[in-house]
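Engineer: Quick note on numbering: the sequence shown equals residues 1 to 302 in UniProt numbering.
Don't take each hint at face value.
[As the list claims (entries may be wrong)] As a list, the in silico BS3-like pairs of lysine-lysine whose alpha-carbon atoms are at most 25 Å apart:
#, residue 1, residue 2
1, 118, 294
2, 229, 257
3, 228, 118
4, 133, 257
5, 184, 229
6, 87, 133
7, 68, 208
8, 202, 214
9, 214, 133
10, 257, 146
11, 133, 285
12, 68, 228
13, 208, 118
14, 228, 146
15, 208, 184
16, 257, 86
17, 228, 257
18, 86, 118
19, 214, 236
20, 214, 194
21, 290, 257
22, 86, 229
23, 87, 278
Hints in this document: simulated from the structure, not taken from any laboratory. Everything numeric in this text was worked out from a predicted model, so none of it was measured.
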Amino acid sequence: MKLVESLLACCFIPSLSRQAVVMRLSPIILLLLMLVQVSNASAEAREAVGVLTGKSLIEQCGYKFSGKDQASTFTVLLIDAGGNEKKSIYLRLWKDYGGHDQVVEKMMLFSTFPPDAKGGAFMRTTYVPEARKVAEQWIYLPVMRKIRRVTIRDPGDRFLNSDLTYQDVSYRGLDEDEHFYIGKEEVNGDSLYKVESIPHVKGEIYSKRLFWIKKGEGANSWDECVVKKIAYYDTKGVLLKEQLLDWQRVDGAWMWKRVVVTDVQEQHSSVFEMSDVKVDTGLSKRQFSKRAMKSGIDSISR
1 MKLVESLLAC CFIPSLSRQA VVMRLSPIIL LLLMLVQVSN ASAEAREAVG VLTGKSLIEQ
61 CGYKFSGKDQ ASTFTVLLID AGGNEKKSIY LRLWKDYGGH DQVVEKMMLF STFPPDAKGG
121 AFMRTTYVPE ARKVAEQWIY LPVMRKIRRV TIRDPGDRFL NSDLTYQDVS YRGLDEDEHF
181 YIGKEEVNGD SLYKVESIPH VKGEIYSKRL FWIKKGEGAN SWDECVVKKI AYYDTKGVLL
241 KEQLLDWQRV DGAWMWKRVV VTDVQEQHSS VFEMSDVKVD TGLSKRQFSK RAMKSGIDSI
301 SR
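Using the sequences and the hints given, assemble the complete structure.
Structural biologist: In structure tokens:
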């Protein structure tokens, strides 16, 4: 059970992509891909991204190119309300499929820590919206020498024991929410652009979401803008959790460096970090298979 819990405490997709068929965000940032209508504008933003709207901000700053594939060390830290920590470390492989065979991307995790979870593996396949398929998830348990499918449950359930839900890491249509640019706000000394997202359908797990976007620096400042913070509000309109994002750029590709998700109501959090990132390593499709899950890290050439 410790192995299962360790693997199920880790595995989300913190990579982003802009490829042939579908322009993609990380499973968490997918929820930024939405249509927005606003009326406010600033001269500065008009020069860079046209009329300043929620849509223009999301289109420019929410879609980040992540290369064709990635290999990295992925660390997950779960912290409960009492301050107790549970740490897991993985070799993470990710590949963009660009919609081929209706597959958007695949992600593989090989457990390296803690010792009792070493040898375990997790694989997730995400499909294009037109396929009308939920993501497929598989886990390999070396002790049992079996691969088991991990069923995706209610969208409000916690995704793999973290402070993210299945809805947070699933595709969300551009027209499922109404979005408003509501101005600029100072956060930790940074002047950020703020967008409010409200779902059209009543009864969803969040009443609204807020996004804070930071403009980059220099002549190409809008090419380097990123989402720095996301706030989630429960069905009663009360703040439920906050997500803080730090980014890194490797060989022209963007990916998360550190992400912290805090449940402000229950006072527990999840920390995700990516290090030793390598981009466009030439990962083959056979390295994202059930056979590769059983073969383990030794069969992977980084």
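Engineer: Take the hints in turn and mark each one as holding or not.
Structural biologist: We went through each hint and held it up to the structure:
The straight-line distance between the Cα atoms of residue 118 and residue 294 is roughly 12 Å, inside the 25 Å bound, and the hint therefore holds. Annotation: proposed proximity of residue 229 to residue 257 holds, straight-line Cα distance about 14 Å (limit 25 Å). The hinted pair formed by residue 228 and residue 118 fails the criterion: a straight-line CA distance of about 33 Å is larger than 25 Å. A threshold of 25 Å between alpha carbons decides the hint, and for residue 133 with residue 257 the separation of about 30 Å lies outside it, so the pair is violated.
Between the alpha carbons of residue 184 and residue 229 the distance comes to roughly 13 Å, so the proposed pair stays at or under 25 Å and holds. Proposed proximity of residue 87 and residue 133 is contradicted: the alpha carbons are some 32 Å apart, above 25 Å. Between the alpha carbons of residue 68 and residue 208 the distance comes to roughly 33 Å, so the proposed pair goes past 25 Å and is violated. Straight-line distance between C-alpha atoms of residue 202 and residue 214 comes to about 30 Å, which puts the hinted pair past the 25 Å bound.
Among the hinted pairs, residue 214 with residue 133 is inconsistent with the structure: their alpha-carbon atoms are about 34 Å apart, more than 25 Å. Between the alpha carbons of residue 257 and residue 146 the distance comes to roughly 33 Å, so the proposed pair goes past 25 Å and is violated. Only pairs whose Cα atoms come within 25 Å are accepted, and residue 133 paired with residue 285 is accepted, the gap being roughly 20 Å. Using a Cα cut-off of 25 Å, the hinted pair residue 68 and residue 228 holds, with the two alpha carbons roughly 24 Å apart.
With a C-alpha separation of about 39 Å, the suggested pairing of residue 208 with residue 118 is violated against the 25 Å cut-off. For the hint pairing residue 228 with residue 146, the CA-to-CA distance comes to about 40 Å; that exceeds 25 Å, so the pair is violated. For the proposed pair residue 208 and residue 184, the alpha carbon gap of about 18 Å is at most 25 Å, so the pair holds. With a C-alpha separation of about 19 Å, the suggested pair residue 257 and residue 86 falls inside the 25 Å cut-off, and the hint holds.
A threshold of 25 Å between alpha carbons decides the hint, and for residue 228 with residue 257 the separation of about 12 Å falls inside it, so the pair holds. Distance hint between residue 86 and residue 118 is fulfilled; the C-alpha atoms sit about 15 Å from each other, no more than 25 Å. For the given pair, residue 214 sits about 28 Å from residue 236 by alpha-carbon distance, which is inconsistent with the 25 Å threshold. For the proposed pair residue 214 and residue 194, the alpha carbon gap of about 9 Å is at most 25 Å, so the pair holds.
Distance check on the hinted pair: residue 290 and residue 257 sit about 28 Å apart at the alpha-carbon level, beyond 25 Å; violated. At roughly 24 Å between alpha-carbon atoms, residue 86 and residue 229 fall within 25 Å of each other, so this suggested pair holds. The hinted pair formed by residue 87 and residue 278 meets the criterion: a straight-line CA distance of about 23 Å does not exceed 25 Å.
In summary, the structure is inconsistent with hints 3, 4, 6, 7, 8, 9, 10, 13, 14, 19, 21 from the numbered list given earlier, while agreeing with the others.
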